[in-house]
Amino acid sequence: MKEAYLGIDIGSISTKGVIIDEDNNILASSYIWTEGNPLGSAKKLLGILEEQFDKETYQIVATGTTGSARNLVGAMVGATMVKNEITAHAIGTTTLYPDVRTILEIGGQDSKIILVENGVAIDYAMNTLCAAGTGSFLSSQAKRLGVEVEEFGDIALKSTHPTQIAARCTVFAESDLVHKIQMGHPKEDIIAGLCKAVVSNYLNNVGKGKKILSPVVFQGGVSKNIGVTAAFKEALGCDIIVDENGHLMGAFGVAILAGRSSKRKVFDFSVEDMEFKTRDTNCGRCPNNCEIICVYRDGVLIDSWGNRCDRGAIKIGTKLAN
Amino acid sequence: MNGVKKVSFPSFTHYNYAFKYFMENGVGARYIMPPQMTLRTLDRGTKASPDYVCTPFKTTLGSMMDCLEAGADTIFMSMGLCRLGYYGELQEQILRDMGYQFDFVNLSEYSTGKRRDYIKALKRLNPRMSVAKMMLVLAETVKLVEQLDEAEAMYYKNCGFEKVKGSCKTAIKRYHTAVETATTGRELEAAYKKFKKEFNDIELDKPENPLKVGVVGEFLTAQDAFSNLDVEQKLADMGVEVYRYLNATSRMFHYKGKNLQVETSEYCKYDMGPTSTINIWAAKNYASHSFDGIVHIKSAGCTPEIDIMPVLHNISEDYKIPVLYLTYDSQTSDTGLATRLEAFYDMISMRKKVL
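Protein sequence lines correspond, in order, to chains A and B. Residues 262 to 583, numbered by the numbering used here, are exactly what the first sequence covers, in order. Residues 96 to 450, numbered by the numbering used here, are exactly what the second sequence covers, in order.
Careful: at least some of the hints might be erroneous.
Unchecked claim - Taking lysine-lysine pairs in the DSBU-like style, the calculated list, with each CA pair at most 35 Å apart, reads:
#, chain 1, residue 1, chain 2, residue 2
1, A, LYS471, B, LYS258
2, A, LYS304, A, LYS469
3, A, LYS526, B, LYS448
4, B, LYS252, A, LYS472
5, B, LYS307, B, LYS258
6, B, LYS329, B, LYS142
7, B, LYS101, B, LYS260
8, B, LYS415, A, LYS485
9, B, LYS252, A, LYS524
10, A, LYS526, B, LYS268
11, B, LYS307, A, LYS524
12, A, LYS576, B, LYS258
13, B, LYS447, A, LYS469
14, B, LYS260, A, LYS469
15, B, LYS258, A, LYS526
16, B, LYS415, A, LYS263
17, A, LYS576, B, LYS101
18, B, LYS260, A, LYS524
19, B, LYS448, A, LYS472
20, B, LYS218, B, LYS252
21, B, LYS264, A, LYS524
The set of hints was computed from the structure by calculation and includes no laboratory data. Bear in mind the structure is a predicted one, so any value in this text is a computation, not a measurement.
Using the sequences provided together with the hints, build the complete structure.
Shown next as C-alpha cells:
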C-alpha cells in the first residue's frame with residue numbers, strides 16, 4: 262500500500278482539502294464553503310474526499326491542518342501537523358514553482374504577501390486590523406450589484422473605462438461605490454473599478470515597502486477572479502501566474518509538511534460519523550478570566566485551549582456534563 | 096504617620112520593585128504594589144479612556160484603579176517625551192470624575208530639570224523626607240534598575256533553551272521576591288549575586304548558532320509582557336534568543352542620544368521622538384550583527400513608532416533582515432499574534448538553514 266497525506270485548510274469563508282501521494286500529485290481535492298461551521302464543513306469535506314480517494318492502493322499516514330480553524334479541526338481529525346497558513350502557502354507554492362519570488366494571496370478575510378528567495382520565504386506581511394480589499398468585501402459588493410461574485414471577472418474585462426473608487430477603507434469604498442452607482446456609471450465599469458480598488462488597496466497596505474519581483478504567483482480565492490488578476494498585471498507591469506489549484510495551495514502546503522515530518526498516524530474516515538461539540542467556559546480562577554474552548558468527541562473532551570496558565574488547564578478525557 | 100502617603104505607580108514590568116525600594120527606603124513613604132494586570136484592568140481602563148488614545152494610557156489608567164482599590168491613597172505618575180507627558184493630567188481628571196478620592200503627584204508638573212522641583216514632588220509623599228537619605232537610596236535604586244534589566248536580558252536570552260522547563264522562570268521569580276523584600280543596598284547586591292549564580296547553573300541545551308531575534312518598539316508596549324501578550328516569551332519558547340536593547344537602563348540612565356544619532360545618520364537626520372533614535376540604532380545594530388530577525392512592537396496610533404517604520408524598511412532592505420511589525424490595541428486574543436509569530440519563526444529558521 263502506498264503512502265498518502267491529507268491536508269485541510271479551514272478558512273473563514275471556505276474549506277479546502279487535498280490528498281497527495283509521495284510525489285506531491287493530487288489524488289483528491291475539494292473546495293466548499295465554511296458557512297460559519299468549521300466542524301460541519303470539515304466533515305462534509307472529508308465525505309467528498311473519501312468518494313474521490315482510492316482506498317485500495319493508498320493509505321493516509323499523516324494529516325495536516327491550517328487556516329484560522331486549524332486547532333479546532335486539527336483536534337477533530339487528530340492531525341499530525343498543525344501549521345499556520347502563511348508557512349503552508351509558502352511551502353505549497355515553492356514546491357510547485359521553485360523559482361517564484363513573490364506570492365500574492367488574497368483570501369476571504371485576510372491577505373498576505375510572501376517574498377521568496379532561493380525557494381525560501383525571506384519576508385512576509387499580513388493585513389492587520391482591516392479586511393478591506395479581501396474576498397468578503399468583493400462578495401458583499403457583488404450582492405449589492407446583483408451579480409454572482411463568480412461572474413465578476415468576466416464582467417470586469419468588458420469595461421474600457423474602470424470607475425475610480427476610493428480604496429483605502431471598505432467603509433469609504435462602499436459609500437464611494439454607492440455614489441458612483443447613483444451617478445449612473447455602467448455596471449461593468451464599476452465592477453472593473455472595484456477590482457482595481459482591491460489591487461491598489463492590497464499594494465498600499467500589505468505590499469507597502471515590499472519589493473515585488475517577478476515571477477509573481479497570485480493565489481487564494483480572489484485569484485479566481487480574472488478581473489483582479491488583470492488589474493494586478495497592469496499595476497505591477499509583469500506577468501502573473503495563477504495556478505489552477507491556487508485556491509488549494511494552503512491545504513496542499515500543509516499536506517506536504519505533514520508528509521515531511523516524521524510523525525505518523527493512520528487516518529481513516531470514521532470521524533465523519535462522530536459527533537463533535539465545542540463549548541467555551543470562563544476559567545474564573547483569577548480576574549483575567551481566560552476564555553477556554555473545549556472540544557468534545559462523542560461527549561469526551563479531546564482538547565482545550567485558551568488558558569494562559571496552568572490553573573486553567575483542563576483534564577483531557579473528562580466527560581461532558583449535561 | 097503624619098502626612099506619609101501610601102503611594103503607588105501603575106504596573107510596568109519589573110520596575111515596580113525599584114519604585115517600591117525607592118519609595119519605602121529613600122522617600123519614607125509606604126508603597127502599595129500594583130496588583131498584576133488582568134483583562135479586567137484593561138477592560139476598565141479602556142472603558143474610561145478616550146477611544147483613540149494609545150493603549151498604554153488605557154492599561155495605566157486601569158492599573159491606577161487597581162492600585163486605589165488595593166489601598167493606595169496617592170498615585171505617582173511619570174513624565175514623558177511624547178503624549179505620555181499629558182497622560183497624568185488627563186488620567187487624574189478621569190479618575191476624579193469617576194469619584195475616586197486620592198492625591199496625585201504628576202511628575203510632568205515638576206519637570207523643570209531642576210533638582211529642587213523634583214524634591215518638591217517627593218516631599219508631597221513624605222513631608223519629613225531626608226534629602227540626603229533619598230539621594231543615597233536613589234543611587235542604589237538606579238543600580239537596582241540596571242540589575243533588574245540585566246537579569247531580564249539574561250532570562251530572555253536563555254529561557255528558550257532550558258533543559259528543565261520552568262527553571263529560568265523560577266530563578267527570576269525568586270530574585271524578584273528577594274528584591275521586593277530587600278531594605279538595604281547590601282541585600283540587593285546579595286540577591287543579584289545569588290540570582291546570577293543560580294541562573295548560570297541552570298542547564299541549557301543550546302545549539303551552537305541559535306536563532307537570534309531583536310525586539311524594538313514603543314517604550315511601554317515593548318517592555319511590558321502583559322501589554323504585548325508575552326511576545327518575548329512566546330518567541331523564546333520556540334527556541335530563539337531574544338534581545339532587547341530598549342529598557343530603562345539604556346534609555347534613561349545611560350542614554351547617549353547624540354552618539355546614537357551620529358551612528359544612524361545614514362538612515363535619519365533628526366530625533367523623531369522618545370525612543371526612535373535608540374530603536375533605529377538597536378535595529379541597525381541587530382542587523383549588522385547578523386541577527387535572524389527584528390520584531391517591532393507598538394501600540395496603535397503611536398506616532399513616534401509609526402515614524403520609524405520607514406527607516407526599519409530601509410534597514411530591512413539593506414541588511415536583508417526580515418522585520419515583523421506588530422500593532423497592539425485593547426484586543427487580547429492571541430490567535431492572530433500566534434499565527435504571525437509562528438510564521439515568522441518558520442521563515443527565519445528555514446532561511447537560516449538555506450543561507
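Status of the hints after comparison with the structure:
Proposed proximity of LYS471 of chain A and LYS258 of chain B is contradicted: the alpha carbons are some 39 Å apart, above 35 Å. This hinted pair does not check out: LYS304 of chain A and LYS469 of chain A have alpha carbons roughly 39 Å apart, beyond 35 Å. At roughly 28 Å between alpha-carbon atoms, LYS526 of chain A and LYS448 of chain B fall within 35 Å of each other, so this suggested pair holds. Taking the CA atoms of LYS252 of chain B and LYS472 of chain A, the gap is about 32 Å. The hint holds against a cut of 35 Å.
Taking the CA atoms of LYS307 of chain B and LYS258 of chain B, the gap is about 19 Å. The hint holds against a cut of 35 Å. Proximity of LYS329 of chain B to LYS142 of chain B is assessed by CA-CA distance (about 28 Å); at most 35 Å being required, the pair is judged to hold. Pair hint LYS101 of chain B plus LYS260 of chain B does not hold up; C-alpha atoms about 38 Å apart against a cutoff of 35 Å. About 33 Å separates the Cα atoms of LYS415 of chain B and LYS485 of chain A, which keeps this hinted pair within 35 Å; it holds.
Between the alpha carbons of LYS252 of chain B and LYS524 of chain A the distance comes to roughly 30 Å, so the proposed pair stays at or under 35 Å and holds. At most 35 Å may separate the alpha-carbon atoms for a hinted pair to count; LYS526 of chain A and LYS268 of chain B exceed this at roughly 40 Å. At most 35 Å may separate the alpha-carbon atoms for a hinted pair to count; LYS307 of chain B and LYS524 of chain A meet this at roughly 28 Å. For a cut-off of 35 Å, the pair hint linking LYS576 of chain A to LYS258 of chain B stands: about 25 Å separates their Cα positions.
For the given pair, LYS447 of chain B sits about 25 Å from LYS469 of chain A by alpha-carbon distance, which is consistent with the 35 Å threshold. Distance hint between LYS260 of chain B and LYS469 of chain A is unfulfilled; the C-alpha atoms sit about 40 Å from each other, more than 35 Å. Among the hinted pairs, LYS258 of chain B with LYS526 of chain A is consistent with the structure: their alpha-carbon atoms are about 28 Å apart, no more than 35 Å. This hinted pair does not check out: LYS415 of chain B and LYS263 of chain A have alpha carbons roughly 42 Å apart, beyond 35 Å.
Restraint check: the Cα-Cα separation between LYS576 of chain A and LYS101 of chain B comes to about 43 Å, which exceeds 35 Å; the hinted pair is violated. Between LYS260 of chain B and LYS524 of chain A the alpha-carbon distance is near 23 Å, which keeps this suggested pair within the 35 Å criterion. Restraint check for LYS448 of chain B and LYS472 of chain A: the C-alpha separation of about 23 Å stays at or below 35 Å, so the hint holds. For the proposed pair LYS218 of chain B and LYS252 of chain B, the alpha carbon gap of about 40 Å is over 35 Å, so the pair is violated.
The hinted pair formed by LYS264 of chain B and LYS524 of chain A meets the criterion: a straight-line CA distance of about 30 Å does not exceed 35 Å.
Hint violations for this structure: numbers 1, 2, 7, 10, 14, 16, 17 and 20, all remaining hints satisfied.
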